[in-house]
Each structure stands twice: as structure tokens, then as C-alpha cells.
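Chemist: What follows is the residue order along each chain.
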Amino acid sequence: MIILLAIAIGALFGGATYLVLRRSVVKLILGLILLSHGVNLLIFTMGDGVRRGAPPLIDASGQPPAGAADPLVQALILTAIVISFGFIAFVLALAYRSNQAAGSDDLDDLSTTDRL
Amino acid sequence: MVFHLFIPIITPMIGGALAVLFNRQRVVARAIALISVLINLGYGLWLMSVVPATGPLVAQGSGWLAPFGISLVADGMSALMVMLAALLMLTTIIYSFYSIDEQREHHFYYPLLLLLLLGVSGAFLTGDLFNLYVWFEVLLVASFGLITLGGSRDQLEGGLKYVVLNLLGSTAFLAGCGLVYGFAGTLNMAHIAERMATLANPGLQTVLAGILLFAFGSKAAIVPLFFWLPSSYHTPPVAVTAIFSGLMTKVGVYALYRTFGLLFQNELATYGPWIILLAGLTMVIGVLGAVAQMNVRRILSFHIISQIGYSVMGLGLASAAGLAAGLVFTAHVMIVKMALFFIGGAAEQIYGTGDLKKMGGLARREPLLALFWFLGILSLAGIPPLSGFIGKLILLQVGVSQQAYLITAVAAGTSILTFFSMLKIWNEVFWKKSYDDVNRLPRVPLGLLAPGAALVVLSVALGLLAGPLVDYNAIAGQQAFDRNVYITAVCGADGCEAVYRAALK
Chain A
0 MIILLAIAIG ALFGGATYLV LRRSVVKLIL GLILLSHGVN LLIFTMGDGV RRGAPPLIDA
60 SGQPPAGAAD PLVQALILTA IVISFGFIAF VLALAYRSNQ AAGSDDLDDL STTDRL
Chain B
489 MVFHLFIPII TPMIGGALAV LFNRQRVVAR AIALISVLIN LGYGLWLMSV VPATGPLVAQ
549 GSGWLAPFGI SLVADGMSAL MVMLAALLML TTIIYSFYSI DEQREHHFYY PLLLLLLLGV
609 SGAFLTGDLF NLYVWFEVLL VASFGLITLG GSRDQLEGGL KYVVLNLLGS TAFLAGCGLV
669 YGFAGTLNMA HIAERMATLA NPGLQTVLAG ILLFAFGSKA AIVPLFFWLP SSYHTPPVAV
729 TAIFSGLMTK VGVYALYRTF GLLFQNELAT YGPWIILLAG LTMVIGVLGA VAQMNVRRIL
789 SFHIISQIGY SVMGLGLASA AGLAAGLVFT AHVMIVKMAL FFIGGAAEQI YGTGDLKKMG
849 GLARREPLLA LFWFLGILSL AGIPPLSGFI GKLILLQVGV SQQAYLITAV AAGTSILTFF
909 SMLKIWNEVF WKKSYDDVNR LPRVPLGLLA PGAALVVLSV ALGLLAGPLV DYNAIAGQQA
969 FDRNVYITAV CGADGCEAVY RAALK
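Going down the list, the protein sequences come from chains A and B. For the first sequence, position 40 matches number 39 in the numbering used here, and the numbering has no gaps at all. To get the numbering used here, take the position in the second sequence, counting from 1, and add 488.
Hint data in this document are derived by calculation from the structure and do not stem from the laboratory. Glycine is no exception: its CB is placed at the ideal position from the N, C-alpha and C atoms. Be aware that one or more of the hints could be misleading.
As the list claims (entries may be wrong) - Not close to chain B: a few residues of chain A, all C-beta gaps over 12 Å, as computed:
| no. | residue |
| --- | --- |
| 1 | I6 |
| 2 | G13 |
| 3 | L34 |
| 4 | G46 |
As the list claims (entries may be wrong) - Listing some non-contacts, in silico: residues in chain B with all C-beta distances to chain A over 12 Å:
| no. | residue |
| --- | --- |
| 5 | I498 |
| 6 | P540 |
| 7 | G551 |
| 8 | A808 |
| 9 | F877 |
As the list claims (entries may be wrong) - Stretch by stretch, here's where chain B covers chain A in the computed footprint (C-beta under 8 Å, at least three residues):
| no. | segment |
| --- | --- |
| 10 | 68-82 |
| 11 | 87-96 |
| 12 | 100-111 |
Okay, chain A solo, but in the shape it has when bound (with noise of 0.2 Å):
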């Protein structure tokens, strides 16, 4: 499982970094979608009871209840997830604005705060 979820955050990072560096602002914006996917799962293997040993629950017994997950990391990305959701939507309304004001969509295009 966790061979699996390396090899699919690795792929998520991968790609990521490839539309980022394109010069498109689309493909940068759904670059960073993928970033913060690929952040998430990556949270997502920290949990796991396998490496750590135990989630922090337990019974009244002491032990850890069989099955049980640990919830901290599943709190860590609802609110990841609910972060990146409204930058996201920020990020593509300013892409939408900064596409009308500048008339491109090519970031070379987009250098006059830039210039001398």
C-alpha cells in the first residue's frame, strides 16, 4: 500500500513541477492543484499505523482498537483540502482578470512589473 501511494504522490509531484514550469498561467494554476493533491496523499501516508506504531486512540483496555485509522492526519487534510480549495478559486478568478487586463495567457507576456 505505502509502495503505492509513494509511487502516486511521486507521479502527482512530478507532474506538478512539469505545468508549473510551463508558460501558460492555466497550466501553472492546475500545476498547483496537483501540488496540493499530491501534499495531501503525502499527509496521508504520515498516519499510517504502520510506521508509527499506534494512533492515538485507544480503548478502555489501553490498546488501540483494531482497524481504527489515525484521525489526526484526516483532520489535517479536511483542512488542507478546504484551504487549497479557496485559494484555488482565487488563483483562477485573478488568472481570469489578469487574462482581460493583459490580453494573454503566456507568462512572458505578463513582465511589465518586472521590467527596468
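Dock chain B against the given chain A, drawing on the hints supplied.
Modeler: Chain B only, in chain A's frame:
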């Protein structure tokens, strides 16, 4: 348990909500913003008067036991930063009264400022790594709103770069946060610090520290992660640029201090020389970038980067004295940098442009503005008896006492370049003859002059009466570098691990 630690978080939150509600009544919205910030400032000052004597104050969110719930911790460094954030926000709000157009005020300008203060105060006070991430996102989303508010082409272009590169930095922080949890099994900073000291596998710790160095380094705009800053900071209104220069990068510096002072103190031996190298490069590349520019705010933006190098140098020296010196310098540069942005921005507002070639002759027309600008650049360059001199002197003393001669020399040399580059603005804007008739220009309103002038006066005062500030920061540096004090304050004398084990039984 001291629940009043929630005050600097709750006040801007409620203030922001009220300011949204009374958005159409301009006077009410302004009053709400002003009152919220004044409460935070008063509380910050009180905190600074208490914390050196009592040690770190701790509040547990919802009364949860320490390593399980979210803790708020105010040690000397946090208290100083909370106070400075409120002070700088106060001057920004006053400056905004006279410089922000009605359109922006109607589109939630003051609520966004309060939201920024909320995020910054939360980041300074939290004692939980994931909570720190959440506060970073709060202040980021407020800054996104502020930098794009208005929607001119420059703002949208600069804003896009700012947003994307900051999101990448945040994502790296989130990944680091998750990995730290996977490694240490906890997110409470005190508990992580404790486990980092006992857990083996130093190689993995080095990697984790490196990821967080990247994440916070990109927030603090150290070389080579600074590119978002000079391409976006000159696009929004002056007041927004000023508050960004005072707070945004400094939150990154604070997070670096906290991460390496508390969580990864063992790794400072590995990373110290690299941080010193990055600090030196940041100083030099920042100031050289400024030399090439011909626009007031873009020159000042590059100087932000250069000054960050000094703050980071304090961390790279890897000692309590180094952190203390870095804190003195950071406090100084937050104040003076904002003063320069306010005064340069006032000049920009008079001319309607920040282009140095089109400005000139302002010293004759506005002698007071020129006087405070000149005092400001003297302070930034580090001329005695201003606060910049004290800040740099202490930093250089620590550098020499720890035999870090090269970085000390670079830091001293950069001061000269800083002064040279600032003199360029002085010559072009204030000293040279104007091609146009300066008497036709509008006079600078008192409201645009006063915030910058007040901060310059504060800088002079801090230079002349440096004793209390230096003493305070010596204690703050010790607290920030002493893990045991922090852990004892958060979890009790036995440490977090003991509480954790006892709770599991």
C-alpha cells in the same frame, strides 16, 4: 492558564467582522479598525512588560491538555512581534485615512487589514506547527486581497506572481508539517522539540529542517527565493506596500527563528554555515538589485531583501546572543523600513509617479519631508546615534565574538552600499533641481507626513535610549533559544512526553 492570550487574536477578528458590517459607514469602519489595533497595541505593550519577568505565558485552546490541544505561547520574541505588528498597523491605518481612495474603502480595505493583523498575531502566538500553517494561510489570503484590491493591470500581474510563489512556499510548509508529524508523531512545538532531542535518525531531521528552511525562506524572501517580492510590492497603494514591508517577510523571519531556535536546534550546527552563506548573499544581491532600479518603491523593495539578510544572519550565528541581536535588528528595520515607505510614498503621491527621473526639488518645497527622509536613510544605513547603528553594532559584535569575520565584513560593507543606494533617492527626489516648477505641486498633507515622521522619531529614540530594547531582546533571545524554558512553560516541569504517557495510561 492565561486566557487573555486570546485577546490579540479575537480583537482583530471581531473588529474585522464589524468593519465588514459597517462597510458603508466610512467613519464607523475607520473607528472600528483604529480601536481594534489600539487594543492590540496596548495588550502587546503590557505583554512585553510582563514576559521578561514571568517567562513564557501559555494558554491552552479549549482547555485541552498541552501536547494534545493547540497551545498559545507568548515568550519575549512573540510579545515583541505582537506589539510591533499592532504599532505598524496603527501607523498604516492612519496613513490609509489620507491616501486610500473611497472605492477601496468600500471594497473591504479595513477588514482586510484587520484580517492581516489577525493572521500575523496568530502566527506569532501559536505553539502548534499546523496551527502556524493555518495562521500563515490567514495572513496570506488577507495579503492576496490587499495586493489585488483595485485591479489595475500592474496589480493583477504582480499579484499573480505574488500569489503563485507564496502558494508554492505554503505547500512546501504543509509538506514539511506533515513529514514532521510523521517523524515525531506530534504537532505541539514544545513536544516536537522534546522528541527531536531524543529521537534518533539525525539524517531525517536534517531533511525536515531543510524543507522548513525552504518554506520559511521563501516567505522571508531570502536569496534565491525572493523573486515574488520586487515584482509585486510596488504595485498596490503605498499604505499596503508599507505594511507588507513591515510584516510579511518578518513573519517568515520569526518562523525561521522559532523553527531553528526551538524545533531543530540540533540542526543549527549543520545549517548554521549555510544560513550564514544565504544571509550574506541576500544582503549583497538585495542591495545590488536596488542599485539598478530607478523607482522609489522598487528600490525600497530590494532593500527589504537586503535587510532580511541581517535578520537571518542573527539566526545563522546559532546562539542566544545571535538571536537577540537579530531581534534588535529586526525590530529596528520593521520600524525604519515602514517610515521610508511612508515618506517615499508621500513624495510619490505628490508627483503622481515614483519614477526618479521625473521627480526632484522636493527638499526646498517640503523641508520637513526631506528632513525625516534623511534621518530615515541615516538610520537604515546605521549611522550613530540612530537605531540602525545599535542594531548593526550588536549584530557585528556577536559576529566578531564568534569569529564569523567574513559575514561581519559583508554586513558592514553592505551598509555602505545601502547608504549609497538610498542617497540616490535623496539626490533624485529631494536634492536635484526639478525640471518642472515645484511650486505648482500639491503640498503634502499632514496625515501623510505624520506616520512616517513618528516612526523616524521612534527610531531616533530607540537609538538614543537603546538600553531597554537591548536588555529586553537579550532576554527574548535567551528564551527563544532555551528549549527547556519553553517546554516547561507549555507542558510543566516533567515535559510533554511525561504528560503524554500519563494521559495514555
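Chemist: Hints first: check each against the structure and report whether it holds.
Modeler: We went through each hint and held it up to the structure:
No beta-carbon of chain B comes within 12 Å of the beta-carbon of I6(A); the shortest separation is about 17 Å. Taking the minimum C-beta to C-beta distance to chain B, about 14 Å, the non-interface status of G13(A) holds against the 12 Å cut. Not every Cβ of chain B is farther than 12 Å from the Cβ of L34(A); the closest lies at roughly 5 Å, contradicting the non-interface assignment. Annotated as non-interface, G46(A) brings its C-beta within 12 Å of a C-beta of chain B; the closest such distance is 8 Å.
The claim that I498(B) is not at the interface with chain A holds, since no C-beta of that chain comes within 12 Å of its own (minimum 20 Å). Separation of P540(B) from chain A is adequate, the least Cβ-Cβ distance of about 35 Å exceeding the 12 Å criterion. For G551(B), the shortest C-beta to C-beta distance to chain A comes to about 18 Å, beyond the 12 Å cut-off, and the non-interface label holds. Against chain A, the non-interface label of A808(B) holds: every CB pair exceeds 12 Å, the least being about 32 Å.
No Cβ of chain A comes within 12 Å of the Cβ of F877(B); the nearest lies about 32 Å off, and the non-interface call holds. Proximity of the segment 68-82 of chain A to chain B, defined as three or more residues with a beta carbon under 8 Å from a beta carbon of that chain, is established by the 6 residues found. For a cut-off of 8 Å, the count of residues in the segment 87-96 of chain A with a CB near a CB of chain B stands at 5, and the three-residue condition holds. Figure legend: the segment 100-111 of chain A, annotated as covered by chain B; annotation consistent (5 residues with Cβ-Cβ distances under 8 Å, at least 3 required).
Comparing the model with each numbered hint stated earlier shows that hints 3, 4 do not hold.
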